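A.B. asks: In case you want the letters, here they are:
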Amino acid sequence: MYSFELERPTRLADAVKLLSDSTESLPLGGGQTLIPTLKQRLASPERLVSLAGIAELKGVKTEGGTLTVGGGTPHATVAAEAGAYPALAALAGNIGDPAVRNRGTIGGSLANNDPSACYPAAALASGATLVTDRREIAADDFFQGMFSTALDEGEIITAVRFPIPEAANYQKFEQPASRFALVGVFVAKYPDGVRVAVTGASEEGVFRWSEAETALSADFRAEAVQGLSVPAEGMIGDLHGSKAYRAHLVGVMTKRAVAAAKG
Amino acid sequence: MTQVSMTVNGKAARGDVEGRTLLSTFLRDQLGLTGTHVGCDTSQCGACVVHVDGKAVKSCTIFALEAEGAEVATIEGQANADGSLNVIQQAFQDHHGLQCGFCTPGMVMSAAALLKENPKPSEAEVRDYLEGNLCRCTGYHNIVKAILAASGQDVGAIAAE
Numbered sequence: 015m016y017s018f019e020l021e022r023p024t025r026l027a028d029a030v031k032l033l034s035d036s037t038e039s040l041p042l043g044g045g046q047t048l049i050p051t052l053k054q055r056l057a058s059p060e061r062l063v064s065l066a067g068i069a070e071l072k073g074v075k076t077e078g079g080t081l082t083v084g085g086g087t088p089h090a091t092v093a094a095e096a097g098a099y100p101a102l103a104a105l106a107g108n109i110g111d112p113a114v115r116n117r118g119t120i121g122g123s124l125a126n127n128d129p130s131a132c133y134p135a136a137a138l139a140s141g142a143t144l145v146t147d148r149r150e151i152a153a154d155d156f157f158q159g160m161f162s163t164a165l166d167e168g169e170i171i172t173a174v175r176f177p178i179p180e181a182a183n184y185q186k187f188e189q190p191a192s193r194f195a196l197v198g199v200f201v202a203k204y205p206d207g208v209r210v211a212v213t214g215a216s217e218e219g220v221f222r223w224s225e226a227e228t229a230l231s232a233d234f235r236a237e238a239v240q241g242l243s244v245p246a247e248g249m250i251g252d253l254h255g256s257k258a259y260r261a262h263l264v265g266v267m268t269k270r271a272v273a274a275a276k277g
Numbered sequence: 002m003t004q005v006s007m008t009v010n011g012k013a014a015r016g017d018v019e020g021r022t023l024l025s026t027f028l029r030d031q032l033g034l035t036g037t038h039v040g041c042d043t044s045q046c047g048a049c050v051v052h053v054d055g056k057a058v059k060s061c062t063i064f065a066l067e068a069e070g071a072e073v074a075t076i077e078g079q080a081n082a083d084g085s086l087n088v089i090q091q092a093f094q095d096h097h098g099l100q101c102g103f104c105t106p107g108m109v110m111s112a113a114a115l116l117k118e119n120p121k122p123s124e125a126e127v128r129d130y131l132e133g134n135l136c137r138c139t140g141y142h143n144i145v146k147a148i149l150a151a152s153g154q155d156v157g158a159i160a161a162e
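Protein chains in written order, with our numbering: chain A, 15 to 277; chain B, 2 to 162.
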């Protein structure tokens, strides 16, 4: 790793101030992606601002039909405490491994927008709202392609608001070495329609499969997706799976998610 | 350099570290606690698992300064007060849960975290919990057996292959 300063503010306001001054700084969530990235010298900030000590960024709460997760909440906490949204709790409980889940945070995962990460699928399928230190961003506007988001430099995700669906499920086909999603599909059924978000598959990162959404909104059964397919063009093709294979898996995982969907 | 202080295996520990100093580096190079192994340094193998405030973490993927004020537990603090092996360690010996031993500190620390959360795990739960701990010798069967035995369960039913 290149050398950097590490700051550990305990208040959000102090973190925001540090991230906006003239020193080139990066926010550090749980570090489960950023620290390996630093080790490979793929990033060289002058300063890291750790968000791990900021209590106001942590926690899970349910109010009315909305589950709100603090941006600094580790996956293990979401797995244990997001019982009001079981599909989200299950997703969080299957990210990485137990030690990674004790450190990695929802805000860090969403801000990184890894094309194979799980949380982007949950946020997009739920039509979640991402709350930052300065504004609110709809999930539909947030994800802007592989590793790219609507966040400005130094902007911190302080919370994510998930409308709780009537039924939902996430199915991940794991890449067997990394356990990231080779293809993951999150299906969420709301009174005004079904949303389907796909991670792991596209070169553009997480995306909504609108054709399946239309079909499932009319008929919420796995059979409704039969015969639908996403084009292989634009899918990720690598040694773990070809473009056509991933495109095929999108349909398979969508059907499995619908069949398993529960409230 | 910044001074960091924490409690390691019940004893106060402090030292001067850089921002980039990993907890694993601090434990091994500054405190001399080399039982925490660094296998991959890419957060995949789990040989470096320690507990920070009771939670299993990969000590190669957290900065020492992030453990400021924390209670850290490493393999060196796992034996009983009289120096004998604790229940998990003894079970690893009894069930041949190690061969070269390199992954064993991380395996024992992960097992301890699992049994604290879930005192009677099923075989599937043990295997699932060890997802982030790689062993290249044993094929995992004897590790799983050891952990089930440490939880007081009968291990006769586990496949012997």
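A hint or two may mislead.
List time: in silico EDC-like cross-link candidates among lysine to aspartate or glutamate, alpha-carbon distance up to 20 Å [stated by the list, open to error]:
(1) K117/B to E95/A
(2) K53/A to D30/B
(3) K72/A to D54/B
(4) K56/B to E95/A
(5) K53/A to D54/B
It should be emphasised that the hints constitute simulated quantities derived from the structure, not laboratory data. Note that the coordinates shown come from a computational prediction; the quantities given were computed from them, not determined experimentally.
A.B. asks: Now look at each hint and say whether the structure bears it out.
C.D. replies: Hint by hint, here is what the structure shows:
1. K117/B to E95/A: holds (18 Å)
2. K53/A to D30/B: holds (18 Å)
3. K72/A to D54/B: holds (16 Å)
4. K56/B to E95/A: holds (16 Å)
5. K53/A to D54/B: Given pair K53/A, D54/B is violated - Cα atoms ~25 Å apart, limit 20 Å.
The structure fails hint 5 only (numbered hints given earlier).
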